[in-house]
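In order, the protein sequences belong to chains H, G, B and Y.
For the working numbering, count along the first sequence from 1 and bump the result up by 771.
For the working numbering, count along the second sequence from 1 and bump the result up by 771.
For the working numbering, count along the third sequence from 1 and bump the result up by 771.
For the working numbering, count along the fourth sequence from 1 and bump the result up by 771.
Be careful, since some hints might not be right.
As the list claims (entries may be wrong) - Just so you have them, the derived chain G footprint on chain H, three or more residues with Cβ under 8 Å:
no.	segment
1	843-850
2	861-874
3	906-920
4	940-946
5	955-969
Said to hold, decoys possible - If you want the ones that stay clear, here's a sample from chain G, every Cβ over 12 Å from chain H, calculated:
no.	residue
6	D775
7	P788
8	L802
9	N812
10	E819
11	D823
12	G837
13	E961
Derived by calculation from the structure, the hints in this document are not laboratory data.
The beta carbon of each residue, even a glycine, is placed where N, CA and C say it ideally should be.
Protein chains: 4
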Amino acid sequence: MNDDIIGKLTEIFVRFPGIGPKQARRFVYFLLSQTSGSLQNFAKLIAELKTDINQCELCTRFFILGNKRVPICDLCLDPNRDNSQLMIIEKDIDLNNIRKLGVYNGQYAVLGGLIPILEKNPENRIRQDALVRNIEKRQADHNLKEIIIALSVTREGDNTVEYLKSLLQPYEEKGVKISILGRGLSSGTEIEYTDSDTIKNALLNRH
Amino acid sequence: MNDDIIGKLTEIFVRFPGIGPKQARRFVYFLLSQTSGSLQNFAKLIAELKTDINQCELCTRFFILGNKRVPICDLCLDPNRDNSQLMIIEKDIDLNNIRKLGVYNGQYAVLGGLIPILEKNPENRIRQDALVRNIEKRQADHNLKEIIIALSVTREGDNTVEYLKSLLQPYEEKGVKISILGRGLSSGTEIEYTDSDTIKNALLNRH
Amino acid sequence: MNDDIIGKLTEIFVRFPGIGPKQARRFVYFLLSQTSGSLQNFAKLIAELKTDINQCELCTRFFILGNKRVPICDLCLDPNRDNSQLMIIEKDIDLNNIRKLGVYNGQYAVLGGLIPILEKNPENRIRQDALVRNIEKRQADHNLKEIIIALSVTREGDNTVEYLKSLLQPYEEKGVKISILGRGLSSGTEIEYTDSDTIKNALLNRH
Amino acid sequence: MNDDIIGKLTEIFVRFPGIGPKQARRFVYFLLSQTSGSLQNFAKLIAELKTDINQCELCTRFFILGNKRVPICDLCLDPNRDNSQLMIIEKDIDLNNIRKLGVYNGQYAVLGGLIPILEKNPENRIRQDALVRNIEKRQADHNLKEIIIALSVTREGDNTVEYLKSLLQPYEEKGVKISILGRGLSSGTEIEYTDSDTIKNALLNRH
Numbered sequence: 772m773n774d775d776i777i778g779k780l781t782e783i784f785v786r787f788p789g790i791g792p793k794q795a796r797r798f799v800y801f802l803l804s805q806t807s808g809s810l811q812n813f814a815k816l817i818a819e820l821k822t823d824i825n826q827c828e829l830c831t832r833f834f835i836l837g838n839k840r841v842p843i844c845d846l847c848l849d850p851n852r853d854n855s856q857l858m859i860i861e862k863d864i865d866l867n868n869i870r871k872l873g874v875y876n877g878q879y880a881v882l883g884g885l886i887p888i889l890e891k892n893p894e895n896r897i898r899q900d901a902l903v904r905n906i907e908k909r910q911a912d913h914n915l916k917e918i919i920i921a922l923s924v925t926r927e928g929d930n931t932v933e934y935l936k937s938l939l940q941p942y943e944e945k946g947v948k949i950s951i952l953g954r955g956l957s958s959g960t961e962i963e964y965t966d967s968d969t970i971k972n973a974l975l976n977r978h
Numbered sequence: 772m773n774d775d776i777i778g779k780l781t782e783i784f785v786r787f788p789g790i791g792p793k794q795a796r797r798f799v800y801f802l803l804s805q806t807s808g809s810l811q812n813f814a815k816l817i818a819e820l821k822t823d824i825n826q827c828e829l830c831t832r833f834f835i836l837g838n839k840r841v842p843i844c845d846l847c848l849d850p851n852r853d854n855s856q857l858m859i860i861e862k863d864i865d866l867n868n869i870r871k872l873g874v875y876n877g878q879y880a881v882l883g884g885l886i887p888i889l890e891k892n893p894e895n896r897i898r899q900d901a902l903v904r905n906i907e908k909r910q911a912d913h914n915l916k917e918i919i920i921a922l923s924v925t926r927e928g929d930n931t932v933e934y935l936k937s938l939l940q941p942y943e944e945k946g947v948k949i950s951i952l953g954r955g956l957s958s959g960t961e962i963e964y965t966d967s968d969t970i971k972n973a974l975l976n977r978h
Numbered sequence: 772m773n774d775d776i777i778g779k780l781t782e783i784f785v786r787f788p789g790i791g792p793k794q795a796r797r798f799v800y801f802l803l804s805q806t807s808g809s810l811q812n813f814a815k816l817i818a819e820l821k822t823d824i825n826q827c828e829l830c831t832r833f834f835i836l837g838n839k840r841v842p843i844c845d846l847c848l849d850p851n852r853d854n855s856q857l858m859i860i861e862k863d864i865d866l867n868n869i870r871k872l873g874v875y876n877g878q879y880a881v882l883g884g885l886i887p888i889l890e891k892n893p894e895n896r897i898r899q900d901a902l903v904r905n906i907e908k909r910q911a912d913h914n915l916k917e918i919i920i921a922l923s924v925t926r927e928g929d930n931t932v933e934y935l936k937s938l939l940q941p942y943e944e945k946g947v948k949i950s951i952l953g954r955g956l957s958s959g960t961e962i963e964y965t966d967s968d969t970i971k972n973a974l975l976n977r978h
Numbered sequence: 772m773n774d775d776i777i778g779k780l781t782e783i784f785v786r787f788p789g790i791g792p793k794q795a796r797r798f799v800y801f802l803l804s805q806t807s808g809s810l811q812n813f814a815k816l817i818a819e820l821k822t823d824i825n826q827c828e829l830c831t832r833f834f835i836l837g838n839k840r841v842p843i844c845d846l847c848l849d850p851n852r853d854n855s856q857l858m859i860i861e862k863d864i865d866l867n868n869i870r871k872l873g874v875y876n877g878q879y880a881v882l883g884g885l886i887p888i889l890e891k892n893p894e895n896r897i898r899q900d901a902l903v904r905n906i907e908k909r910q911a912d913h914n915l916k917e918i919i920i921a922l923s924v925t926r927e928g929d930n931t932v933e934y935l936k937s938l939l940q941p942y943e944e945k946g947v948k949i950s951i952l953g954r955g956l957s958s959g960t961e962i963e964y965t966d967s968d969t970i971k972n973a974l975l976n977r978h
């Protein structure tokens, strides 16, 4: 069944985030109901995606190449952003969310992944070389004062925080502050259902 | 925002069944994280989908063209199927589900849609010409005895049943039985929560 | 913890249908926040529940005893109901639902339960003696023509149907029709997701 | 319908937290299926609930009266707890949760409610007199150093925090620290979905 084109496309859609086999197959039948013209257009956009989108050499986020064809993204080049702060985030969508909230004006570094517990080669799970290059360059060019680790509060996130803290220790010794986002009660938290880590952190960070 | 390639692809994914703007955007970033090779392969499959898949001239379902390049699908050509029965279903996925259950061995006609209440041009909502052609051909070639309307029990489904019943009246007058699937308690139905239509039908069809 | 009154009441609420330990405990704290007067009133109603409510000697449903203090409920005594039909249902709430729908005007018999698969003493799981007494009486007094088994379409429901069919065979031999509710597509059923039993029954009962 | 005992009991159960009319009625039929003995026992526990449970004169939480029949609960009397800290929480269940987590060893004050936005008589929504009495007594008897406001992060919770801050200002002026639980990322928070308030607080409280 998976040898035919419906099976092959279903298999690709199954790998999309949050999609099961039934919905994947429904996607293929949805495509079949579209005009040939729409499908050619869709295929062209997918084929060109990586040509029009570049990965920034500095922060490693994806950005749209305009006519200028520069290797550095508009955020990294923006003279109005505060170059003394660098926020390490997991992925582009996290960056877009924080950017949209308008509460941070520093620079970013995208890890591209998190490190699972007991991973033997953590350096392969994140864009470590790019991160180090990013930090070194910002130290050289600007007065980098703080690196803020902003990862999800999950087991993988916490494990990655630990790894990054020891990776970044040399910079801390050179005077760069390494911080992590504060833990505590988030919007909507109800005391009745709060876990012990969150209450502990909320008590520690009470003010 | 929608002028760039990420916006354009997001807009296409939003039209996929069951996909909202957030998940659509996540799909695009998922694609960005794939290799160029995978994306070229994915694009090629989409571009070729309509070339490899044909719509059967008889039942209008989609089927995979093999080397033979015939305009009629393997189901319609299968000599082991009972040509005296024709089941009208809404869409390919319904057909696949019934086929998989192994409880029906007749032929099919795919409508490609349902008719909303108060629709002014019902003939444009379903593949009416193909349906009539299908019935005429089976009447001519074989001894068509029964047309079974097998649509979902929704307002649109019921409306389509009414429309089909009057459309098919000429065949009924020529001796073809027009039937609809029996109504009653389906698997899992609990009497406590059953609606009045279902109980009424279950009482009528008690045995 | 369960020795104290909060623990004891929590344990009682946990046995309520659909209630877990957390909600059970919340119920107790909700009661604690009520006035003493409300609690006395609530306790009185619970203590009197079985005094004010009688179980009908004929159909075994619960009914409110008025001033008349009769052992037979108003439904069983209603001269406008059709005494030639008797519907066997599982529980009072099922009876209330069917009654509300206004599609059946015969008499009822409440089983008070269903028989699990492989149950060794099925006669203890349902009100079998009362059912037989009910049927015998209606046969003697009236012209009982049909017994309609109206149970949920679940494994226990189907098992109980089988048991009742053999239990009621003597009456069938005397000319009483034993029927079960028709199976097929119920309101809202979508063909795409329909299981094989339901399609099989819907095909059998097509009309 | 609501004049009879089933209707009356249904109306009481509808007021239980999280219970709708259908489940309320199911509760009554569940009670009908219990033995008279169980119902008498249940009624007795409800009637005695307020006799066996006392509301602590100091913290206003509910506690089980033992043989001693004291007006002050075991927590308030516990010599091993830190009397220099007082935590204001909304309700008993919140207190039980925090107590179970084992991260706080001070004293408590239960508000018994939160203050809705634009409430004209906020002092009626919380146990204000008891709170003030509690604080005064702890100031007189012990060296009260800090009052920690630990409310859910909801609109009502935040509104109550504002009200309490101004209510407690006189104590702040006398040297008692008034603090609220730290805000930030709680367990399970994903950066992709974090709202702007939470990120803002997490950035402010970074460390």
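Outcome of the hint check:
1. 843-850: violated (count 0)
2. 861-874: holds (count 3)
3. 906-920: This one is violated; 0 residues, fewer than the three required, reach chain G with a Cβ under 8 Å.
4. 940-946: violated (count 0)
5. 955-969: violated (count 0)
6. D775: violated, 5 Å
7. P788: Non-interface label on G:P788 violated, nearest chain H Cβ at 5 Å vs cutoff 12 Å.
8. L802: violated, 6 Å
9. N812: violated, 8 Å
10. E819: violated, 7 Å
11. D823: violated, 5 Å
12. G837: violated, 9 Å
13. E961: Non-interface label on G:E961 holds, nearest chain H Cβ at 25 Å vs cutoff 12 Å.
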